[in-house]
Amino acid sequence: MPRTLTKVQRIFVFKQWWISGKISLTANAAFRNEFPGEKVPTRQTMSRLAKKFDETGSIEDEPRNGRPITVRTEENRQRVSQTFLLNPRTSQRHASDDLNISRTSLQRLMKGLNLKPYKPRLLQALNKDDPDRRLEFCEWILDSTQDDQTLLDQIL
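Throughout, the numbering used here is defined as the position within the sequence shown, counted from one, plus 267.
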């Protein structure tokens, strides 16, 4: 992917190229002094900037073709944020159905809002006597391994 110059860099390169009488070496030296550590634009880049300026009167890129973004609007961002704020345990599948947004678009919106996906899982409930039973089992396994050294090897 080619590196793109920032707006400030484009303006600077174009001005220096024009001032130097369209000599790219002089413009490159000025660019190195102004933006140390940045990769210097090529002669071809400078001529393309000039051509773009002649044709359009601007050094900005033209708007890109393609399908416009219609789902990731501010309204939908707020709807998604509100949905997960009210019920953070909502799954992505249910939220996409409720909000009438595709799952992939919902995932993109959630990523933009720094929200993590939640997947409901059934877990075994702990009873009041479970800690005592766990302790009892631990003591039993320790005693049993002292009596029979191969007991742990026999357990899957």
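What the hints contain is simulated information worked out from the structure, not anything from laboratory work.
Computed from a prediction, not measured in an experiment: that's the story for all the values here.
Some hints here could point you the wrong way.
In silico BS3-like links for lysine-lysine, alpha-carbon gap of 25 Å or less [to be verified]:
#1 K289 - K319
#2 K318 - K306
#3 K319 - K306
#4 K306 - K282
#5 K289 - K318
#6 K378 - K319
#7 K306 - K274
#8 K378 - K318
#9 K306 - K289
#10 K395 - K383
#11 K383 - K319
#12 K319 - K274
Results of checking the hints against the structure:
Under the criterion of a C-alpha separation no larger than 25 Å, the hint pairing K289 with K319 is consistent with the structure, at around 15 Å. Between the alpha carbons of K318 and K306 the distance comes to roughly 21 Å, so the proposed pair stays at or under 25 Å and holds. At most 25 Å may separate the alpha-carbon atoms for a hinted pair to count; K319 and K306 meet this at roughly 21 Å. With a C-alpha separation of about 18 Å, the suggested pairing of K306 with K282 holds against the 25 Å cut-off.
Annotation: proposed proximity of K289 to K318 holds, straight-line Cα distance about 12 Å (limit 25 Å). Distance hint between K378 and K319 is unfulfilled; the C-alpha atoms sit about 36 Å from each other, more than 25 Å. A hinted pair counts as satisfied when its Cα atoms are at most 25 Å apart, and K306 with K274 qualifies at roughly 15 Å. Between the alpha carbons of K378 and K318 the distance comes to roughly 39 Å, so the proposed pair goes past 25 Å and is violated.
Pair hint K306 plus K289 holds up; C-alpha atoms about 19 Å apart against a cutoff of 25 Å. Restraint check for K395 and K383: the C-alpha separation of about 32 Å exceeds 25 Å, so the hint is violated. Annotation: proposed proximity of K383 to K319 is violated, straight-line Cα distance about 43 Å (limit 25 Å). Proposed proximity of K319 and K274 is supported: the alpha carbons are some 14 Å apart, at most 25 Å.
Violated hints, in rising order: 6, 8, 10 and 11; the structure is consistent with all others.
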